[in-house]
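Put chains X, S and B on the given structure of chain P with help from the hints.
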Amino acid sequence: MRRDPFLFVSIVVAITVLGFITLPLIIVCLTSFNATTQAVFPPNGWSMRWYANIVSVGVFARPFQVSLALAASCVVVTLTIAVAATLGLTRYSFPGRSAIDAAIMSPLIVPQVITGLAVLLVYASIRGMPLAYLLALHVILTLPYAMRVLLASMARVGGELEEAAISLGASRIKAFFLITLPQIKAGVFAASFFCFVISFDNFTATAFLVNREQTLPVAIYGYILSTSDPTVAAIATLMLGATTALVLLIDRTIGLQRVT
Amino acid sequence: MRRDPFLFVSIVVAITVLGFITLPLIIVCLTSFNATTQAVFPPNGWSMRWYANIVSVGVFARPFQVSLALAASCVVVTLTIAVAATLGLTRYSFPGRSAIDAAIMSPLIVPQVITGLAVLLVYASIRGMPLAYLLALHVILTLPYAMRVLLASMARVGGELEEAAISLGASRIKAFFLITLPQIKAGVFAASFFCFVISFDNFTATAFLVNREQTLPVAIYGYILSTSDPTVAAIATLMLGATTALVLLIDRTIGLQRVT
Amino acid sequence: MTENKPQSVEIDQISVRFGDVFPIRKLSLDIGAGELVSILGPSGCGKTTTLRAVAGFNHPFEGDIRIDGKSVIKIPANARDIGMMYQSYALFPHKTVAENVGFGLKMRGLPKGEIVARVREILGKFQLRQFEERLPGQLSGGQQQRVALARALVFNPRVLLLDEPLAALDKKLRSEMQFELKRIQREYQITTMFVSHDQEEALSLSDRVAVMANGKILQIDTPSEVYDRPTHRFVADFVGNANFLTGRVKEGEGRRCFELENPAVRIQLPEGDFPLGPAEMMIRPERLRLGAVGQDNGFTWRGKLRDRVFLGNGLRIMVELELGRTVQLDLSPEQDRGLADKSEVEIGCLYDDVRIFPLETASR
Amino acid sequence: MTENKPQSVEIDQISVRFGDVFPIRKLSLDIGAGELVSILGPSGCGKTTTLRAVAGFNHPFEGDIRIDGKSVIKIPANARDIGMMYQSYALFPHKTVAENVGFGLKMRGLPKGEIVARVREILGKFQLRQFEERLPGQLSGGQQQRVALARALVFNPRVLLLDEPLAALDKKLRSEMQFELKRIQREYQITTMFVSHDQEEALSLSDRVAVMANGKILQIDTPSEVYDRPTHRFVADFVGNANFLTGRVKEGEGRRCFELENPAVRIQLPEGDFPLGPAEMMIRPERLRLGAVGQDNGFTWRGKLRDRVFLGNGLRIMVELELGRTVQLDLSPEQDRGLADKSEVEIGCLYDDVRIFPLETASR
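Residue numbers (my numbering), protein chains in the order written: chain P, 1 to 260; chain X, 1001 to 1260; chain S, 2001 to 2364; chain B, 3001 to 3364.
Bound-form chain P, shown alone (with noise of 0.2 Å):
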């Protein structure tokens, strides 16, 4: 197995994967440092102006707090349903169960472009309230995940646990709450985790439906327009950081491996 051209074939083509990944942030990094005005790769030098400036151009402070209320919120509203139709769906079996099952999957593979559309066209005829649109929008386009997490963390439990609380004299809620849920914790956590990211980072739905208040990508990408400046550049290394900071604390506390 030594001198195995196998091996280095496909560490050469793992480690070329690994650059032509991460080389983009790196570049992203740098440019965020970056001296002069113009958003450019090799940077002409080097300052920390663009994230002095994230404040004083003043257009990222709302959408950051919309973007982040709204995922806090998603995570909340998420979560509470996907852990109850996990619940149904792993511990009953019924008539159309996997018609529900292919439903809840479904917003994987449907084109956000037609979801966005979708939810624009249920906003366009019963106006007002814009953030519990936009807020409805992000459940169910993370629904799916939370589920797939949840549903594989469940599928690890099994039933017998619940049983054995059961014959030792709980009833079927009790059970839930004392022994199955603390099992699926984990599961719980990684879902929160990516459901807080998706909400947070998405763009294409929610552009639909943008109007009065702009979510931060919303505004990322509008501000892109505009000027070309490396402060999104910043904003962009901000996000990275504070997104590897939670996977790496994840990590730390209940491990990746029982997550993903």
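No lab work stands behind these hints: they were computed from the structure.
The beta-carbon is built from N, C-alpha and C at its ideal position, and this holds for glycine as well.
Careful: at least some of the hints might be erroneous.
[Said to hold, decoys possible] The calculated lysine-lysine pairs, modelled on DSS-like cross-linking and capped at a C-alpha distance of 25 Å, are:
#1 X:K1174 - X:K1185
#2 S:K2171 - B:K3216
#3 B:K3304 - S:K2182
#4 B:K3074 - X:K1174
#5 S:K2216 - B:K3171
#6 X:K1174 - B:K3095
#7 B:K3182 - S:K2304
#8 B:K3171 - S:K2171
#9 B:K3095 - B:K3026
#10 B:K3005 - B:K3182
#11 B:K3172 - S:K2171
#12 S:K2172 - B:K3172
#13 P:K185 - S:K2106
#14 P:K174 - P:K185
#15 X:K1185 - B:K3106
#16 S:K2182 - S:K2005
#17 S:K2125 - B:K3304
[What the hints assert, rightly or not] To give an idea of the chain S side of the interface with chain B (calculated C-beta under 8 Å), a few residues:
#18 Q2178
#19 F2179
#20 Q2199
#21 L2203
#22 S2224
#23 G2240
#24 F2244
#25 T2246
#26 L2305
#27 D2307
#28 L2311
#29 G2312
#30 M2318
#31 D2330
The following block gives chains X, S and B in isolation, referenced to the frame of chain P:
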């Protein structure tokens, strides 16, 4: 277990979710058959004119071709890389393996706005070949999905079959192509499908790179900004129909269970 | 420990239905107070369904289940007061040993002090005191099994149900735990029912064994009766090893006899009701012996020694009989010494050790 | 079939390293041409690593492996010409039985016609002709095992390696396949090595058994020698059941003797080299017998019958000796009849059936 309040609650939740997710799609379908010029819901009358309009409006033909070519190339490039990298990652352990693991999965959590911006920066510094850069972007975006599916299939196969083939006299390369590859066929199909759909539908990251050549989702978005007739609902319905047909085809031929 | 008197279990003509499948049909089984009864059968025979019906996890659409004479069929699983131990033990991985064992008492709303006291008492009895604060994942297989058993017993259940109690242990530990489990069951005097697909486990643990196939109980009797006097061919084949020889039961001089075909060999049958016609003769490999047997109480065959397999505590040999069949013999170490390097052997069998099964009832 | 003459395998002082772990260290094992040798040990003892080193799937950093006297250590796995059968069988699920069996011949570039002919021949021999066109998933466990064996044998390999050959089969089928596997190995006269953690499998199949623990071979000998005269306490404990009694070896009158403590009981030892000092005495449960034994060639103990477990082909009893220890006896059906309902018993043991292990070597 009969007469269980839990059963009732969870079935209700599951059905509500079903409605919540599919309702917007149904609305899009119905709107596409609307007789009036405004895309409103509920429709005022029925007509097929917006389907005819897709062609006659003339702005969608070229973007459709671009998206199709892009998605097809993306499948070929991504799958080739993904199969080689998966093989390297599952059959060998070498220093830095887990870093490569993490890097390959990172586009799943890095916001697409950032990835798009990053590729735009590279693109800005080396102008020309817009489609090549678009392809590179799409490969970056689809690779993690392809890798996830392939890693899962490969994990199921294990190295024992390959080893058995070697003990029977096959070289390592023959063992891979004759034994392992046929085992992960379903995974390769599924990965191809996901790559195609993700590439064809992508808007967020693509939007950054598009200037001369538009892709279909970008064209749709541009159309909505200027016109609000149901033509895009008609396109969306066609896309939805095509996606559904593809999913059904996969389900019939290799089975969705083996894929997701 | 509040002493409960052991309670009987009566399963009365229950049938269970899952969609179009009827895993058990009109099944009856009575278990005396304090008795240890096993249900033995291959996977899919309905034994676990029966156990789960008693536990309240599935619902017979007909029939009744009575504990201590009172029907429990309408009582939900969490109120039946039945201790259950799973093959996987189903210990709660996020709770300590003490919390696991105390769970049943907590669900019954006992005061905290009493829970602690009773958990300590039973953990002491099961030699688990030092593991009190450990999580189940930190215990060995045998320790986990004892925790699961303690958890099922601590609240003084009316009945104890065990699902393949020893299957998850390795061979060595299994034979130790057999004695242990029997000792505990006797000490607690608790009516116990367990399912198993392992005949060794069932024979060695049970007061009575119920052999089950296709949703029906074929025979229920003491281990030695089931082994030595199986009532069905399936029971003979499933419990222990067996030589089967086909032939037919015929009228003989006075008593009926069994005739092997080609060449015709007649074997006198003991008194009893043997239906005439095609039948199979069954002899246990360890009931065949080397050397001739007196004609009054048995018969002798001659054959060639074809193969020998060392079993450690004995020898298994294959003998090709002159009459054209091959039979298997299990020899104890003493007999083994008499074998030396012979290739031609005489083997004998007592009439008492022969069972006859009419071919019609040959179920499987 | 081109007849190959059987070839010897010599494993000469090999050591394998995985990172910081050395699963085997300076291990040597000679297997004669045409011999069937098993490596028996608990999981993690290094037995599979040894097998895989012979197959060429791991690379000893020192030592040599020779087949037919020639070193194969530098030959890659696919050129060693070794037949291997996996515990999971590792049949190619997308290829038919015929394609699976023919794979090794195809890799050797044989003409299509010859492949078909040789596959047909071996499938016929293994009673698999009618399954030729089936996929492995459509076969039973026993049939899959035969296909895997045929696939490993069809290209006339120099050596056959089997990884837990019977472990995936159920109990019934396993004892049938033991005879089958032995018959095939003898017919092909192929040098065979197999690993097992199941002592029954190893004892019944092998010409010689190598008992392994912690990367070392403790004893290699015929099954009956390993069982009856284990050289290490670990071997005695791992192979078969055993009663262990602690005490010490002392000087006696003429010969040495073993003394149990509290109360002191002396047992004459046979001639032999027993080191003085703390030791354990080992007696197999089936070597103890009911009733007294003459003082010249054995000793007799008295005790109380504490428990009895019905094993089907015998009875296992626990006897609490007057001298304070509890021993286990396995009785054959004949002895069993002599037991009746006694509670006080005499048990006897021949000096020949006693093994002594100095406590220093008590490894595990």
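Query raised in the report: When you check the alpha-carbon spacing of K3171 of chain B and K2171 of chain S, does it fall within 25 Å?
Result: Status holds; Cα separation ~13 Å.
Query - M2318 of chain S as an interface hint toward chain B, with CB separation required under 8 Å - result: Nearest chain B Cβ about 7 Å off; hint holds.
Report task. Measure nothing beyond the straight line between the CA atoms of K2171 of chain S and K3216 of chain B; if it is 25 Å or shorter, mark the hint as holding. Result -> Cα-Cα ~23 Å, so holds.
Query - Hinted pair K1174 of chain X and K1185 of chain X, Cα distance within 25 Å - result: Holds: K1174 of chain X and K1185 of chain X sit about 16 Å apart, inside 25 Å.
Report task. Assess, step by step, whether the Cα of K2172 of chain S is no farther than 25 Å from the Cα of K3172 of chain B, and give holds or violated. Result -> With a Cα-Cα distance of about 20 Å, the restraint between K2172 of chain S and K3172 of chain B holds, given a limit of 25 Å.
Query raised in the report: Is the hinted pair K3182 of chain B and K2304 of chain S satisfied, with a Cα-Cα distance of at most 25 Å?
Result: holds (18 Å)
**Report entry** Interface hint status, Q2199 of chain S versus chain B (Cβ within 8 Å)
**Finding:** holds (7 Å)
Report task. Would you mind confirming whether the straight-line C-alpha gap from K3172 of chain B to K2171 of chain S stays at or under 25 Å? Result -> OK: K3172 of chain B and K2171 of chain S at ~17 Å, within 25 Å.
**Report entry** Hinted pair K2182 of chain S and K2005 of chain S, Cα distance within 25 Å
**Finding:** holds (18 Å)
Report task. Return the status of the interface hint for L2305 of chain S: holds when the least beta-carbon distance to chain B is below 8 Å, violated otherwise. Result -> Violated. Min distance 13 Å.
Query raised in the report: Measuring from the C-beta of L2203 of chain S to each C-beta in chain B, is the shortest one below 8 Å?
Result: Holds, because the Cβ-Cβ distance from L2203 of chain S to chain B comes to roughly 5 Å (cut-off 8 Å).
Query raised in the report: Can the restraint linking K2125 of chain S and K3304 of chain B be considered satisfied, given a maximum Cα separation of 25 Å?
Result: holds (24 Å)
Hint check: violations occur at hints 9, 24, 25, 26; the rest are consistent with the structure.
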